[in-house]
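For the protein sequence lines, the chains are A and B, in the order given. For the first sequence, position 352 matches number 352 in the working numbering, and the numbering has no gaps at all. For the second sequence, position 57 matches number 1057 in the working numbering, and the numbering has no gaps at all.
Zero decoy hints are in this set.
Straight-line alpha carbon distances no greater than 20 angstroms define the calculated SDA-like cross-link-like pairs of lysine to any residue that follow:
no. : chain 1 : residue 1 : chain 2 : residue 2
1   : A       : 164       : B       : 1127
2   : A       : 60        : B       : 1117
3   : A       : 63        : B       : 1068
4   : A       : 75        : B       : 1120
5   : A       : 149       : B       : 1074
6   : A       : 75        : B       : 1117
7   : A       : 149       : B       : 1038
8   : A       : 164       : B       : 1104
9   : A       : 75        : B       : 1116
10  : A       : 149       : B       : 1078
11  : A       : 149       : B       : 1042
12  : A       : 238       : A       : 279
13  : A       : 143       : B       : 1076
14  : A       : 212       : B       : 1127
15  : A       : 227       : A       : 191
16  : B       : 1138      : B       : 1082
17  : A       : 122       : B       : 1116
18  : A       : 173       : B       : 1117
19  : A       : 60        : B       : 1042
20  : A       : 212       : B       : 1096
21  : A       : 122       : A       : 69
22  : A       : 149       : B       : 1037
Ranges between beta-carbon positions, derived for each pair:
no. : chain 1 : residue 1 : chain 2 : residue 2 : range
23  : A       : 99        : B       : 1165      : 46 to 56 angstroms
24  : B       : 1023      : A       : 76        : 19 to 29 angstroms
25  : B       : 1114      : A       : 101       : 26 to 36 angstroms
26  : A       : 184       : B       : 1124      : 25 to 35 angstroms
27  : B       : 1130      : A       : 241       : 46 to 56 angstroms
28  : A       : 36        : B       : 1158      : 52 to 62 angstroms
29  : A       : 111       : B       : 1031      : 57 to 67 angstroms
30  : A       : 119       : B       : 1039      : 47 to 57 angstroms
31  : A       : 119       : B       : 1023      : 48 to 58 angstroms
Honestly, the hints are just simulated from the structure, not real lab data. For glycine and all other residues, C-beta sits at the position ideal for the given N, C-alpha and C.
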Amino acid sequence: MFETTHKKLFIASVILLGSSLNGNLQAAENTLSSIKIDSTVILDGVAEPLWQKASALQVKVDKLPYQANNYSGIKETQVSLKSLYDNEHIYFLVQYSDPTKSLQRFPWQKQSDGQWKQLKDKDQTGHSNNYYEDKFAFFWDIKAPGFAKKGCAVACHLVNDDGKINGIDQKGKTAGRKYTRRAGETLDMWHWKSVRMNPLGIIDDQFVDHVKDPAVNKNWGRHGDSKTGGGYVNNTNKDKSGPAFMNRTQDGLNDFTIVPSQKTPFVDTFKSGDLIPGIMSEVFTGSRGDIWAKGNWENGVWTIEIKRKLVTTGDKANSQDVQFTDLSKIYPFAISVFDNSQINHVYHDGSLALSFK
Amino acid sequence: MRLNGLSFHSKLGLSGFLMTIMLGLLSAATLIGLLYSSSNSGFNIPEIDKVKAKYSESLLVGAMKSSMYQHVTVDEDIGVVEKWVKDGAPDNDYFNDEVMYIIEADCQKCHSRTSTMTGAIPSMPLNNYDDLLTYTEKGYSWVHMAKSAHIHLLGIAVVMVLVTGIFSLSSFPSMPKTVLICTAWSMLWLDISAWWMAKFSSVFAYVIAGSGALEITALVLMCLLSLYDLWWKKDKKLPE
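Pulled out of the complex, with its shape left as it was, chain A reads as follows (with noise of 0.2 angstroms):
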């Protein structure tokens, strides 16, 4: 009895063993699979229970580009994604901890003496790590070789030994630009800013190209979806000694960024230390602003809740969106956080995988 007992654990082990040995198990490791609904999700960071339906894929997100001089925030997190879609649209929900709401993006702060001093804090690389807001974005492929296997890795180019990309001179001017290989190589890049776009409700839906010269575009191969309307920008007044405007009242997430409802002219009956956002946003118009999302913060988690038609149809749609048009297609796409910084962000190797159930 004794003896059988263990031949037959034996047996069991050795199944055991030759099931784990097969790769296909591996296969769907990376897939987060969207659910068919015949609801609307509210936009609103909180998660309804309609998101039960959907199963999470969990992403571990814990590489850097770059070190920065003065970055103190997170390097490791989990992120989970679901996804739900309906005949028109495609939901996502985002969440991930981060110990920290970071909105202060670059405040103008009323000095001891009366002045005004914009809040900076540049590193090595000329970007701020610490007056800025927290983001999250998607890459997508549309276009682009090579994406499937290395994930954003395929636009990134960071500067060489010589300071140089592309063999323009990059010293202090960045860590890194993002562009693709050749003419016609696209890639989506939705860009959910935490306080230029969260008040707002919508993503910055941007796409990379192949321009690597910043005599043709300052951003390199970034760039914004075509516009018709709307924007952020900033929120100096003309001898850029102060802020130009301010919010009618100062409350929640308005606070750091002045909307159209609450703009008006800046009055200076301020005490020393108190803030003035450092920008103004209003919604895009056009293909920048086909995207809706609404993030919340709540005990160190984001929620972020975001909604886009599965087939747009703005200016250069094809071009500079992601077009979910074969729902029986794998869609690779990456993620990457940032938290209170500019360019620096935590991100993962490879691409993930997007399928419809």
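Fit chain B to the known structure of chain A by using the hints.
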């Protein structure tokens, strides 16, 4: 002394060791499968072309075909670099316009003296012609061979002497014991020597794959048979 005549606690201790060795071999096989296949997860059978690339080609091209393949944007990139190396790795327009363009896109993010990216390898920079030239020699260099060979030979020898020693105490007949012990040791020597020989002929890539597989198989078999002998094999009276 026979294995199946050991005390319960001695059997437990040896079983733990043998199972650990088998897990170690499984890990090694997994790593080899990942390094010499196009996949970056799961268990894979090594592709002979990738084994050839590592041992018979330059370190630069070999790495692009095997361990660094996941960072190569498109397969055509490997062909461009391979052509340059086969042409004698000259410092010409082809190098500057075609090869460096690929190196910059696929390799320099990590392989840079100043890179602070997660996982960066500043000790292996690929920033200019001189940097790349270092990795264009076909097959293993003397330094690379000496470094890899002594680590593997000394490390594996310790494992091997323990596993063969335990197996030699089993109650199996002399012939299978002799075959397995000799196979394990001879395949180790053949495997390591083929690393160097593959520099002169890519046929030795098959020797590397074959001897490596036999070496692991022999070790696993000795572990399994020893475990069987420890716990299941009926006691036999030892000859006087």
